[in-house]
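Could you build all of it, start to finish, from the sequences and the hints given here?
In the order they appear, the protein sequences are chains E and Y.
The first sequence begins at 5 in this note's numbering and counts up by one.
The second sequence begins at 709 in this note's numbering and counts up by one.
Check the hints yourself; a few may be wrong.
Straight-line alpha carbon distances no greater than 30 angstroms define the calculated DSS-like cross-link-like pairs of lysine-lysine that follow [said to hold, decoys possible]:
#1 Lys941/Y / Lys67/E
#2 Lys22/E / Lys799/Y
#3 Lys1051/Y / Lys47/E
#4 Lys67/E / Lys14/E
#5 Lys891/Y / Lys74/E
#6 Lys799/Y / Lys718/Y
#7 Lys891/Y / Lys753/Y
#8 Lys67/E / Lys1051/Y
#9 Lys891/Y / Lys799/Y
To be clear, the hints were calculated from the coordinates, so they are not data collected in a lab.
None of these values were measured; they are calculated from a predicted model.
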Amino acid sequence: MKSLQELAFKLLSEGTVKVVIGYEEGPRGVRPAFITDPAQTSKLIFDRRCTQNLATYLNPRRKHITALGKAAVVVKGCDARAVAGLIREQQITRDSLVIIAVRCGGVLEDPTSTAELTADTTSPRCGQCEVREPKLFDHLVGELPPAPPVNPRRSEQIAAIEKMTAADRMDYWNQHLDRCIRCHACREACPMCFCVECRAERALPQWVDPSPTSRANRAWTMMRVMHQAGRCVDCMECERACPEHIPLGLLARYVADSVEQRYGYKATEDPGVPAPLGVFRTDDGEEFIR
Amino acid sequence: MTHRFISHEKLSKLVADLVAANTRVIAPVHAHDDAEQIDYLPIQKLEDASLGVQLPRRSAKEFFLPTTEVILQYRCEKEGVKIEEVPSAAKPQVILGPSPCDVAGLEIVDKVMSWDYRDELWFGRREATTIVSLLCSMADATCFCTAVGLGPDSVRGSDAMLVPTAGGYVVRLITPKGEALFKNYVSDQVDALDARVDKAVAEARKRVEANMPAIPADFAASLERNFDHPLWKTMALRCHGCGACASVCPTCHCFDIVDEHDDSERGVRRRNWDSCQTARFTLHASGHNPRASQNERFRQRVEHKFSIYPSRFGEILCTGCGRCSRVCPGGMNLAEVVGEFRKLATAAPEGGAR
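This is the structure we're talking about:
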């Protein structure tokens, strides 16, 4: 990724940015990198293991990162949608950062894996990708690699769950959500979870019990997923972050599909497109209000 | 420590007899949601267990400190609040086949659980539990148990340890509890371990030792000296503050206490796992947070494990299992951080003394 490294070197040495948020080789696979010294830009890489959504690090509440100064961030097309979301929801301004977009040929689900991209190893989100050639950027680097193999796992699981009876669905989700320990890693890794005070942590009134009981785990997950409706960019970082391996990406995708069906809205790299639940439209079907 | 032999059949009978006697037997098994993962779960028969396959996702601490537990119930009555304590007597349980790092963690945490207050719930379960660990042959590039004074064959915290051999296991009987458990199931005094096992242990030990050399005694002092070192400003940038590390850790033991109302009159007080990695852990009611950013929170985790706990209890609050590094969505790596600060151990302090 010579062009990426050269660009980062230029941005840092000219003083355009103070930090480049990208990817590097870590002790266990690829991990996020925060490069502040131009001499360190040779560490930057981009390959099929770069699955993390670095837009999460642009959250203005991460003060130890904003303290570094203006950032350039390396994004895939999918991640660029999160950057657009943060701009749309007025968390950051477009001119407050430099966007380095990379053309993407799909990523592995697991950034510590050394596997090639196959129907088993590719992130299931890549199968529906329409943004391998990103549109939101200041700099676009790399050649467009061929499309990755489609991992059908998630769409098959969603189809199977749709066929279940309500009771079976409840059993399915209870089986997973009973493992939830309410660490909220899903929230912390999510680029779109940026609330100053999460509803899960309000004590007066207490919307959700803080303890990891079946009832509270269901309420927490339902609340988070619903709050992401029309906002989630389907990066699946919630699922990857979950230490209990709860398939949160299924819910994320299902909600995204529902929003598309109801409102004709898909997560987009255009920050000017209003969020479906953030606008009033007289032609809104309102078919759920009877 | 005496060595005996137990055949697979006899071990199977032991598990069956325990289950029949209403003793909960917990062992590593293939996870219900993912066949490639291992969890500690109750078993009904030995065949349910998958011993020595890989490190379970979570440590075994949840069988002593559950993710959530009711510590009292209350009812608001006209005369005032009526409190009902929950029973602290624990039911007998056997943990079969945990890795030595998970078992040692329990004994390390015992110290804080009996420090200013003896935690009845923790010790109730500790006393009601017999631990039969399994010699570890699962070490990978992320393990560093030997660096913290343990090892693949460490018997610390175990009542007995199984060492695989032809036709069954050599059982190392360590405590009277372990001897009582195996008394009617083992045969033949074994004088020495199978030479092949000795060799396997030596190899496993060597593999882990290559990951990290032993942490020197003065490391704690060096960490304290470098409390304000600029490295802390860059170490935790990629950390999300999610606390996944603490949830899988065999020695992280912090908990939160909350009251939950069932309705207007009744409620429960629970204790739940908590983690110093979350912003709310030290958030004051005033809005002030003494650990304002993730840099300080991450430093706290490292300091607590390698400096604060050693200075208070004389030992490192880490068993080198490596789970925190395996589970971290941000790619943080405890061994790497320890390595960076070890380099400073002999160097002069930067950024002033604490």
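The hints, checked one at a time:
no.: 1; hint: Lys941/Y / Lys67/E; in the structure: 11 angstroms, holds
no.: 2; hint: Lys22/E / Lys799/Y; in the structure: 58 angstroms, violated
no.: 3; hint: Lys1051/Y / Lys47/E; in the structure: 21 angstroms, holds
no.: 4; hint: Lys67/E / Lys14/E; in the structure: 25 angstroms, holds
no.: 5; hint: Lys891/Y / Lys74/E; in the structure: 68 angstroms, violated
no.: 6; hint: Lys799/Y / Lys718/Y; in the structure: 24 angstroms, holds
no.: 7; hint: Lys891/Y / Lys753/Y; in the structure: 19 angstroms, holds
no.: 8; hint: Lys67/E / Lys1051/Y; in the structure: 28 angstroms, holds
no.: 9; hint: Lys891/Y / Lys799/Y; in the structure: 21 angstroms, holds
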